[in-house]
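Listed below are the residues making up each chain.
2 protein chains.
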Amino acid sequence: MKVTVLKDILDANHQVAAQNRALFERHRLLVLNLMSSPGAGKTALLERTLRDLRGRLRIGVIEGDIQTTLDARRVERAGAAWVHQINTRGACHLDAGMIAPALAGAPLGRLDVLVIENVGNLVCPAEFVVGEDHKVVLSAVTEGEDKPAKYPLMFRESSLLLVNKIDLLPHLDVKLAAIHRAARRVHPGLRILDVSCRTGQGLPAFYAWLESQLERRRKGTGRGRKRTRA
Amino acid sequence: MKVTVLKDILDANHQVAAQNRALFERHRLLVLNLMSSPGAGKTALLERTLRDLRGRLRIGVIEGDIQTTLDARRVERAGAAWVHQINTRGACHLDAGMIAPALAGAPLGRLDVLVIENVGNLVCPAEFVVGEDHKVVLSAVTEGEDKPAKYPLMFRESSLLLVNKIDLLPHLDVKLAAIHRAARRVHPGLRILDVSCRTGQGLPAFYAWLESQLERRRKGTGRGRKRTRA
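Protein sequence lines correspond, in order, to chains A and B. If you're matching positions, the first sequence starts at 1 in my numbering and goes up one per residue. If you're matching positions, the second sequence starts at 1 in my numbering and goes up one per residue.
Just chain A, with the same shape it has in the complex:
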């Protein structure tokens, strides 16, 4: 019974995700589903990106949190073109059905990129598509070298891994190469960028990636293999 219900839930989620996606495509919007452990730096990445790309890209944000509107206020202050907070009230991830009502009032036509910041959780969010072009996973060097091995689905489902907090490397017993190796072992073609959202190191490469994906999206070539699965 448990299994049947789970299958029903995933099937229903895929249907709603397809509807969300159709809406995103109509507006030629690039949509990222941003995921990580709690405190890996998702909101810090958004703040820095919003400030650095102000005037270049119009970025909207859907903030997913179990509770509080702390993150929504942070990205609003950083200059997001549109912000919507979802409080999941206990649920450990966002699903397509939580995103759909948020889109009803959204000025999608006036955005270039929509970032959906998921609940901080390296497990459950990977199982649910919400209509995104790409899942992006952020992993902080402070979390150690073995996260891709221990949470493989998250790294397998993502198009891009941002290894964050590299400014702290001199103070840790952690090697970047070991994180890369572990990530490529579970997802050989994974794109990896090393960044520090605090110092800004490595972020221009992320912005270039963002703009190239937006370019592909506008030319209608942005649909990768992953996206057809929903």
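Source of the hints: derived by calculation from the structure; they are not laboratory data. Remember, predicted model here, so these are calculated numbers, not experimental data. Everything hinted at is true.
Copies of the same chain look alike in the list, so a pair counts if it works inside one copy or between any two.
SDA-like cross-link-like pairs, simulated, lysine to any residue; straight-line CA separation at most 20 angstroms: (1) LYS175 / ALA44; (2) LYS7 / ARG89; (3) LYS175 / LEU70; (4) LYS175 / ARG74.
Following the hints, put chain B in place on chain A, whose structure we already have.
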């Protein structure tokens, strides 16, 4: 239907947790359910504790991971009296039904303490009792100041908060007092200890807590309010 199934699952979990607990009580065993985000330092805490308390306490460990046996090997090398690995194969938490079969072959009579290291996840594990005396949550200062506000259930359900990685504080824009304040806001009576599993700072206070809880358990006064809820 979703709600009914969830209620059934939680009720069934409580029944099995009560059976686990009865077994633990027969052996006057102190049982901790150790939880945190991925990479906050649960296994590092166990390694250090096992080494520091060798000859003083006989500690057994159940390791919960989605995949790999990396952690089981680490605590085995550090001197655990008994180690059992559970691979949840995708599940985001341990429940009582996963613990029960592990106990069948366990030398419970030859242990003082059993630590159940949960899957790295600040959300889902808090919802499931497994028969423990205490939930213990570990939160690294690298995760920022707002985790208790954003993941309140985890901090509310725990008897003890270990704030880990305090050796990194000089390199962060994070204040210990702010973490304590946020934690006490969601759980006013929460016991908090600041530690570094890397330098050992603060750990003697954790060991003293462990021994006082074991003492209470042996005198049969170890059952707090939390435990009667399962």
